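Line by line, the protein sequences give chains A and B. Take the first sequence: its letter number 221 is residue 1113 in the numbering used here, and every next letter is one higher. Take the second sequence: its letter number 223 is residue 1115 in the numbering used here, and every next letter is one higher.
What the hints contain is simulated information worked out from the structure, not anything from laboratory work. You may find that some hints are simply not true.
A pair counts as met if it fits within one copy or between any two copies, since identical chains are not told apart.
[Said to hold, decoys possible] List time: in silico BS3-like cross-link candidates among lysine-lysine, alpha-carbon distance up to 30 Å: (1) K958 - K1183; (2) K1183 - K1131; (3) K1023 - K1052; (4) K990 - K1183; (5) K958 - K990; (6) K1183 - K1023; (7) K1023 - K990; (8) K1131 - K990; (9) K1052 - K1131; (10) K958 - K1131; (11) K1052 - K1183; (12) K1052 - K990; (13) K1052 - K958.
These numbers come from a predicted model, not from an experiment.
There are 2 protein chains.
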Amino acid sequence: MPHKLMSMERAKPDTKTIRPFMLAIAGDSAAGKTTLAGGLVEALGEDRSTSICTDDYHRYDRAERKELPFTALNPACNYISIIEQHLQLMATGQPILKPVYNHDTGALDRPRLVEPKEFVIVEGLLPLHTKLMRSCFDVTVYLDPPEEVRTEWKISRDTKTRGYAREQVLAELERREPESEEFIRAQRADADIVVQFAPIEGRDDPPDTPLSATVLLRPTVPHPPMVRIVEDTTAIHLKMMRDDDERPVDALHVHGYAPDADSRQVEQRIWEHIGLDLPMPSHLGALGPGKRSAPLAVTQLILLHHLLSTQR
Amino acid sequence: MPHKLMSMERAKPDTKTIRPFMLAIAGDSAAGKTTLAGGLVEALGEDRSTSICTDDYHRYDRAERKELPFTALNPACNYISIIEQHLQLMATGQPILKPVYNHDTGALDRPRLVEPKEFVIVEGLLPLHTKLMRSCFDVTVYLDPPEEVRTEWKISRDTKTRGYAREQVLAELERREPESEEFIRAQRADADIVVQFAPIEGRDDPPDTPLSATVLLRPTVPHPPMVRIVEDTTAIHLKMMRDDDERPVDALHVHGYAPDADSRQVEQRIWEHIGLDLPMPSHLGALGPGKRSAPLAVTQLILLHHLLSTQR
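With the hints as constraints, model all of the structure from the sequences given.
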């Protein structure tokens, strides 16, 4: 049985209409969006949370896209005004009849009814593309692995589960690169939290060292009190720096090479600060059987803090 | 080229958002909804008008419905809350991603983008089922052929274009009857206009006499000034009577046996009262090659008067 936080309480709205907490997870193909979102839904329980994907709003199926001068990353390839409309409907507690893109067949299938839940997690290529979309979210995340890491993740997934050959994946990545830059990576500037997976500079760790990450916590929303939380730890440290646009930002460095126990100490402190009288979900950070990522666990805990904290 | 009323002008809204004129055409399967709606779209032009069908909002495909204890007529078989939502969106000038039910295959296909136009015609089994749906319309119509007439229409259509055998259609009609009564015919009471096709009582016309009709014009909305329009004609007469609920109503009797010229005189008068400086569209009342229904033509003209009159 997955760990469910069924007994947790958020402040209940006055009326019967649910006004969901809306979380966006944006990022390029194979950046880890589904892994991050899935871990959150597992922690919250499917009765309280739902996850939808904006890639379902493709205008064209795979065969039609072959004839087009742009890729699925392009806003022109997606029903942007309907994404905006459906995000507004969800944010105001209304159901939607969501289109469905079938990643296995490349077809546009019959739509599916999505009822609002207390937590709505919206992941995809373009959830932060327009101002109206962004205005629907309480917290926004951008997943930002280095391109060489993302390439390996995409090859691994698309060859194993979507039936592509390695060369096809590489050719597709090259074809998509200009639109990745123009439309997908452009969203990085609009996220409250940016997870930059990357080796820590100046180290020469062995190749099987877990990925390190820098979690940028932009002061666009309140975050957990990380200064106190990382006090006297070595696995994770916090550094105030200037963002690309020169504005102050907190950069949380999560070292992949640090001992597991050190990272878990910080995770436990974030969990305790949420203020629930429950044990921490054990699956956080899970990447698969026996594989665990401390940066993923820390990111999930920061997001659970946003979703669940009783201290707001 | 179909006749297009492209140069006609309705009062333009102040803003760029279109607030469409919303017309509902409700009725049971094979009651003539598509024929009526199609003639209106042809008169108005596809640039100014769009027609959608609420039967596209089926929850289940044909195979799934076989396992269910209710038919497609049942609100439980349809996404009622999404019909309500989409009607509200259309009425306020917003696009929708409309589901698509494929009558040929019985499958639920990929959805289709529908942009608002100046006139939105919504036909189907259940467009008047809830108060919220009804509140979205400017004018509502219920098509009410006698069951024996509708049975012949349904057999003719379903055996010719949908691949059913006569016995299958009859069995389906019998299976649907309780839900026809409970959900479809229940909407008759909520229409501004009810078209009751039926032989005029007390006559013994030959079998190929065109169907007569009584067009009930309920005083729930203003109608064309029919008292003046039918003055000194014999093909059509108007009678004030009590509706099923005892409220006063105008009953316009359109005689199928009357000479064509008599009916056309009344049609021409309704047309002229709309106040457009254009010839009357010639296709009104058309049922197919060489087949014409005076009651259909009169109903279409009364609706065009609602849609286009410059005298409001």
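| query | Between the shortest in-copy and the shortest cross-copy C-alpha distance, which are at most 30 Å for K1023 and K990: within, between, both, or neither? | reply | both (21 Å within a copy, 24 Å between copies)
| request: Classify it for me, K1183 with K1023: is the Cα-Cα distance of at most 30 Å met within a copy, between copies, both or neither? | output: neither (37 Å within a copy, 55 Å between copies)
| request: Have a look at K1183 and K1131 and pick one of within, between, both or neither, based on CA distance no larger than 30 Å. | output: within (28 Å within a copy, 82 Å between copies)
| task | Check K1052 against K1131 for me: Cα-Cα at most 30 Å, and say if that holds within a copy, between copies, both or neither. | result | Classified as neither; 39 Å inside a copy, 75 Å across copies.
| request: Evaluate K958 and K1183 at a C-alpha cut-off of 30 Å and name the case that applies: within, between, both or neither. | output: neither (37 Å within a copy, 46 Å between copies)
| message | My question is about K1052 and K990: at a cut-off of 30 Å on alpha-carbon distance, are they close within one copy, between copies, both, or neither? | response | within (27 Å within a copy, 34 Å between copies)
| request: Measure nothing new, just compare the shortest in-copy and cross-copy C-alpha distances for K958 and K990 to 30 Å and report within, between, both or neither. | output: both (24 Å within a copy, 24 Å between copies)
| request: Measure nothing new, just compare the shortest in-copy and cross-copy C-alpha distances for K1131 and K990 to 30 Å and report within, between, both or neither. | output: For K1131 and K990, the Cα distance exceeds 30 Å both inside one copy (41 Å) and across copies (49 Å).
| Is it within, between, both, or neither for K1052 and K1183, if the alpha carbons may be no more than 30 Å apart? | Result: close within a single copy only, 18 Å intra versus 61 Å inter.
| message | With identical chains, the pair K1052 and K958 could be close in the same copy or across copies; at 30 Å between alpha carbons, which is it: within, between, both, or neither? | response | Cα proximity of K1052 and K958: one copy only (22 Å, versus 37 Å across).
| task | Could you figure out if K1023 and K1052 sit no more than 30 Å apart (CA to CA) within one copy, between two copies, both or neither? | result | neither (36 Å within a copy, 51 Å between copies)
| K990 and K1183: within-copy, between-copy, both or neither at 30 Å Cα | Neither: 33 Å inside a chain and 43 Å across chains, both beyond 30 Å.
Checked against the numbered hints given earlier, this structure breaks hints 1, 3, 4, 6, 8, 9, 10; the rest are met.
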